[in-house]
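K.L.:
One letter stands for each residue in the lines below.
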Amino acid sequence: MRYLAAKTAGEAAAALAAEPGLTRILAGGTDVLVQLKSGLVEPALIVDIKQIPGIAEIVAEDGGYRIGAAVPNAVLGEHAGVVAMWPGVVEGANLIGSTQVQGRCTMVGNLCNGSPAGDAVPGLIAANAVARIVGPNGQRDLPVADIPTGPGKTSLAKGEVITSVFLPARPARASDAYLRFIPRTEMDIAVASAAVSLELNADDTVKAARVVLGAVAPTVIVAEEAGRICVGSKLDEATLARMAAACEAVAKPIDDKRGTVAFRTKTAGTLAKRAALTAYTRAGGTK
Amino acid sequence: MAFDEYQKREFKQVGKRVRRPDGVDKVTGRAMYGADATAPGMLWARILRSPHAHARIRSIDTSAAMALKGVRAVLTGADLPDQEDVFIRDVQNNCMAKDKVLYDGHAVAAVAAVDIATAKAALKLIKVDYEILPHVTDVDKAMAPGAPVVLDGRSLESVPAGMSANVTEHAEFGHGDLGAGFAKADMVLERSYKTPTAHQGYIEPHAALASVTSDGKAELWCCTQGQFYVRTLCAAIMGMEASQLRVTASEIGGGFGGKTTVFIEPVALALARKAGRPVKLVMNRDEVFRATGPTVHSSMDVKIGMTKDGRITAAEAKLRYSGGAFPSGTHSFGAQAAFAAYDLAAVRSYSWNVLTNRPKEAAYRAPGAPQAIYAVEATIDELCQHFGLDPLDVRLKNAARKGTKSSYGPTFPDIGLVATLEAAKAHPHYSAPLEPGQGRGISCGFWFNFGGNSCVSLNINTDGTVGVTEGNPDIGGSRASISLMAAEELGIDYDRVRTIVADTSSLGYNDVTDGSRVTFAVGLATIKAARDAVRVMCERAAKIWGIDADAVEWKDGAAVPAGPNAGKFPPMTLAEIAAVSFETGGPIAGHHEVNVDGAGVSFGVHIVDIEVDKETGATKVLRYTVFQDAGKAVHPSYVEGQMQGGAVQGIGWALNEEYIYGEDGRLQNPTFLDYRVPVASDLPMIDTVILEIPNPGHPYGVRGVGETGIVPPLAAITNAVCRSAGVRMHELPMSPPRVLKALSA
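Protein chains in written order, with our numbering: chain W, 1 to 287; chain X, 288 to 1032.
No lab work stands behind these hints: they were computed from the structure. Hints may be right or wrong, so weigh each one.
[To be verified] Quick look at which bits of chain W chain X covers, simulated, 3 or more residues with Cβ under 8 Å:
#1 176 to 185
#2 258 to 269
[To be verified] From the derived model, a few chain W residues whose C-beta atoms are all more than 12 Å from chain X:
#3 Arg2
#4 Asn128
#5 Ala169
#6 Ala208
#7 Ala244
Even for Gly, the Cβ is constructed at its ideal location relative to N, Cα and C.
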């Protein structure tokens, strides 16, 4: 097993592209080190990206924020600007692991891990976040929603490295929220989760809504219809019930040790309702 | 009997919340746990484990592993002797399979190599040819005729004819006329329950370092609850004399009963003997879950008759326990404990042990009692709900007390159940109002407690300090408690006493730290060892004063003349006598060796408030209070810690903890991520109320307190959840998917 601390994203991409064996990218290492220790993977090459200039920084850009791939979630949680603009994204990221893990883990790592239960991912997709990718053939931008393709799988090509995610600007009367269900209160993985991002009209009705569900399909999924149902309402009970039903309709979970199909389906709708109400309040909506 | 030991006294040391002796070491990282032991030239070992729930081992080819550079020894079951004694054979086969693997994770081979990476690589080179056999992991399925047979020919004569060969044992307890009793009831309720396998969840994985010399002497350092029992088992497996094997217990990071037997220790010794080098073997968490000793899982039927004013007229329980792949006697503890809290005219409990393809059960706090008492206490609660009766009043109406012939035979001496129930009823928690949608549950709990073989040596140092040597690993504050009792008896300050845990060559045999026995039994031996030392010190004072030894008595830490006729001498303190001991006959010590009887039974009552989220099935524990009879709380903080710890483990068992087996018979959740013990943020502070009803069998009235605390939570939580949810559930854990399903039914 070789270890490379890349000095530039290009160097990282080139090394990863050139390695014929299994590779892993190391940022916080909260997934990779666990996989190594348990013998789940035995990579030929590990590329540490933390020394790449700027990769651990949060930068204001076009009214939004660009968050480096090696920004630990604890640092993200202390960034007043991001917290104010995208509280749902941050609360999802800050639910991962424990306090100690928060000091190391990153949103991009959570995204690249490819788990449908990743807590940082639904919020990013609800926010229409865009990933910046450096590969052997240069740089490209891709919506975060297009990155996960299945459990443990992403659409990234060999050698491609995500260097940052961009959270776009948003109007004043807009906010988001994330909720997950776990049997405990912490130190756990989502059995079902929901992120909701809302924009309100001046009359407190919903102008735009994006509802995203986690742990109920092979990837995090966008519940398009659930979002459409919210538009024009003040999230009255009848609307929320329809919205929850729309979430249940698109949920395609599995039975496993963490939960049943019936439980995950119902809970995804319940969480979406509750997250929508929180986002609505955060956006300044009153009923 | 030993029920005349207790003498009322004013305590000067016992009852103080003194500083714990192991605290500094533990918080600064100095404490030497199992995995901290090292030896020169040490090798590292790893174990190859079966991926199958049940398979015959056709052959094992270790040649490629042996040929790997850095490998010093490879061990399989074929390297271990054929044991005559069936119990030792089971223990050995559980540590290393011989002909068949009996559960997912069962050890089939082990490697010792110069480093862990080499040992791991060698495991991959071992070829095991398995003939996969049908498996069974559920107790009811294993009991059915035609079920795959885990081990044949193991049924004892007590098992009724015609049952599956998996049924190894049967027990029955009780008295009175059940038919007549049920006929007197206004309602007879029959319910069936299931409880999952739970693991003790100790933080420290098993670890051992073994060294065997070419002249046959061996040293073993390991994390255990009983170094003497480890010696017994390992000496038998290794074919060694006890004197040639010295076992030293490390500091222990939790045991709860799970470290009362051996899993890796004989493997480390056998590898060390084969390799001619010290061998270190440390389990990882996956191995701890798959291949140590979790609890039985159970399936139970309970039938209780009650009058409309709450008198239980008859009660019956049928308990089907599976202790995993080898015979287990834990079912009998369940059958004895089921109705122990009640004074019943007609009562019967039946129990069976059933083999399944799961790891062999080991003890876990009050083994066998939580399951049975859960089923009984949940059924009583349902009857209370049916009749609209106060659940504490119903318990008080039926409570066992002094003179009650218990459901398992003995007649109770002084016991604390009624006082405990009354304390619960009078406590502000019980009368605090509940919000709509919240539920309050209560349950009684019981455990027998144990005494057993205990040896203590107590040395009076010439500077006036005292060293106590005892032989039980400290899993719950025993060093502090033993020091307190020694100080009390000698009349000196706690800070003058230091207690250490000796290895097996330094002291006579001590039973395992189990049965909540150490503070009680080793405490008793300590008090008597101190009295022995006091006798010697009085003799020395008499010698100095030139009077008869029986004219000297011990008072407030000093020898004094027994009365005016003995002569006028100023008191000689312990320190003064110790300082001149070399001139008065030599070093002074006391010792005591005994098989202690008279462990007082212990009762507890728990109250819990719960709120169920009706949309998700999530439960929130709002308030929890434990009431328990400690006899005498030697160190109240440790007693409270035991009560809280037991409650928390029981809460986890009730709500989320379970072994989940797939159709393939493999354990699906051998991690702390998916085997969910409660985390600190899940729970409120567990409030505690210590009752002190002296145990007549101990000089200071001490009862064991370590186990009873895990018994009530299963039913207390069930009763609270069911009252909050408005629906009765009969299977643990009440995980959110199960609760939501019950709510939607």
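K.L.:
For each hint, tell me whether it holds in the structure or not.
P.N.:
Evaluation of the provided hints:
no. : hint       : result
1   : 176 to 185 : holds (count 4)
2   : 258 to 269 : holds (count 7)
3   : Arg2       : holds (16 Å)
4   : Asn128     : holds (28 Å)
5   : Ala169     : holds (35 Å)
6   : Ala208     : holds (26 Å)
7   : Ala244     : violated (10 Å)
Comparing the model with each numbered hint stated earlier shows that hint 7 is the single one that does not hold.
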